[in-house]
Amino acid sequence: MWALVINPTSGGGKGATIGIYVAGFLSSRQIAHEIVSGNSSIALVNNLSKFLQKYPDCAGVIAVGGDGLTHNILALTTPAQIPLAVVPAGTGNDFVRTLGWSLLDLDPYLESIISMPALPIDLGLVNGQWFAAVLSTGFDSIVNEKANTLAWPKGAMKYNVAIAIELPRFKPRHYEITLDNQQITTQAMLIAIANGRSYGGGMLVCPDADLHDGYFDVMLLHPVSKVEFLKVFPRVFKGEHVTHPAVEIIRSKNVQITADAIAYADGERIGPLPMSAECIPNAMHTWIP
Numbered sequence: 005m006w007a008l009v010i011n012p013t014s015g016g017g018k019g020a021t022i023g024i025y026v027a028g029f030l031s032s033r034q035i036a037h038e039i040v041s042g043n044s045s046i047a048l049v050n051n052l053s054k055f056l057q058k059y060p061d062c063a064g065v066i067a068v069g070g071d072g073l074t075h076n077i078l079a080l081t082t083p084a085q086i087p088l089a090v091v092p093a094g095t096g097n098d099f100v101r102t103l104g105w106s107l108l109d110l111d112p113y114l115e116s117i118i119s120m121p122a123l124p125i126d127l128g129l130v131n132g133q134w135f136a137a138v139l140s141t142g143f144d145s146i147v148n149e150k151a152n153t154l155a156w157p158k159g160a161m162k163y164n165v166a167i168a169i170e171l172p173r174f175k176p177r178h179y180e181i182t183l184d185n186q187q188i189t190t191q192a193m194l195i196a197i198a199n200g201r202s203y204g205g206g207m208l209v210c211p212d213a214d215l216h217d218g219y220f221d222v223m224l225l226h227p228v229s230k231v232e233f234l235k236v237f238p239r240v241f242k243g244e245h246v247t248h249p250a251v252e253i254i255r256s257k258n259v260q261i262t263a264d265a266i267a268y269a270d271g272e273r274i275g276p277l278p279m280s281a282e283c284i285p286n287a288m289h290t291w292i293p
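Counting from 1 along the sequence shown, just add 4 to a position and that's the residue number in the numbering used here.
What the hints contain is simulated information worked out from the structure, not anything from laboratory work.
Don't take each hint at face value.
Using 30 Å as the maximum straight-line C-alpha spacing, the simulated DSS-like pairs for lysine-lysine come out as follows [unchecked claim]:
#  : residue 1 : residue 2
1  : K54       : K18
2  : K54       : K150
3  : K162      : K58
4  : K162      : K54
5  : K58       : K18
6  : K18       : K175
7  : K175      : K150
8  : K175      : K235
9  : K162      : K150
10 : K175      : K230
11 : K242      : K230
12 : K257      : K162
13 : K158      : K235
14 : K150      : K58
15 : K175      : K257
16 : K257      : K18
17 : K175      : K162
18 : K18       : K230
19 : K58       : K158
20 : K242      : K162
21 : K242      : K257
22 : K158      : K257
23 : K18       : K150
24 : K175      : K158
25 : K158      : K230
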């Protein structure tokens, strides 16, 4: 028995449409499954918890949604070592991007899920919460905070509006950072602790991050002018920002950060710092092309 977890509101309603498609795909191949959904993320996770209590030896969980749904489900599937597949139906879909699956042609992915074994990948663990893609603090977290307060516009445009609101008044923060082999005291505009390569819908913040190496790639953006920031920012979509002199990337298994700041992981609010993160090798099983 499989759990087909559907977030119907993901991607402005894409979750419901794609969820129906995946259910049809499984039914056409006579794959036993039960649909798990909910009218809120809390209800959905509670319903999945009930399913896993009923079927502790289930074949796996197929989640139709975005990175936020992935983040919430990891809390259940990772301790139980239940394989998790994420079918992209969110706004960013960065976990699926990092795995290397197409965001458009779902059939090869779905065929692999039902016919191939799941393989191990690393996860991050921050303040007791699992995360799959990127943990961050600084300007992007401030933008997330603002975007979450905006009723309009919807979707990705909400973040563009939040950037326009927050950038003029943004100031770099003071950070105390402890890594495996060094301590750093610095001013920074943004810090990203990357298990996966991208966040924010394809921003390759750490283009060389590897899900199998047991390390985070830690990206520090040291202070630049706001004009320079606007010049550098578009380069992140190709990972070309890493050559800028204000960008520093360090590999580390452990990261502790203290600052007057907020952290987000997989687009979900972690909360105020301090935070302590560890890269856990082979923490989950999923399907890789």
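Each hint tested on the structure:
no.: 1; hint: K54 with K18; in the structure: holds (25 Å)
no.: 2; hint: K54 with K150; in the structure: violated (34 Å)
no.: 3; hint: K162 with K58; in the structure: violated (39 Å)
no.: 4; hint: K162 with K54; in the structure: violated (34 Å)
no.: 5; hint: K58 with K18; in the structure: holds (28 Å)
no.: 6; hint: K18 with K175; in the structure: violated (36 Å)
no.: 7; hint: K175 with K150; in the structure: holds (15 Å)
no.: 8; hint: K175 with K235; in the structure: holds (17 Å)
no.: 9; hint: K162 with K150; in the structure: holds (9 Å)
no.: 10; hint: K175 with K230; in the structure: holds (10 Å)
no.: 11; hint: K242 with K230; in the structure: holds (20 Å)
no.: 12; hint: K257 with K162; in the structure: violated (33 Å)
no.: 13; hint: K158 with K235; in the structure: holds (26 Å)
no.: 14; hint: K150 with K58; in the structure: violated (40 Å)
no.: 15; hint: K175 with K257; in the structure: holds (29 Å)
no.: 16; hint: K257 with K18; in the structure: violated (36 Å)
no.: 17; hint: K175 with K162; in the structure: holds (21 Å)
no.: 18; hint: K18 with K230; in the structure: violated (35 Å)
no.: 19; hint: K58 with K158; in the structure: violated (37 Å)
no.: 20; hint: K242 with K162; in the structure: holds (22 Å)
no.: 21; hint: K242 with K257; in the structure: holds (25 Å)
no.: 22; hint: K158 with K257; in the structure: violated (36 Å)
no.: 23; hint: K18 with K150; in the structure: holds (24 Å)
no.: 24; hint: K175 with K158; in the structure: holds (27 Å)
no.: 25; hint: K158 with K230; in the structure: holds (26 Å)
Checked against the numbered hints listed earlier, the structure breaks hints 2, 3, 4, 6, 12, 14, 16, 18, 19 and 22; every other hint is satisfied.
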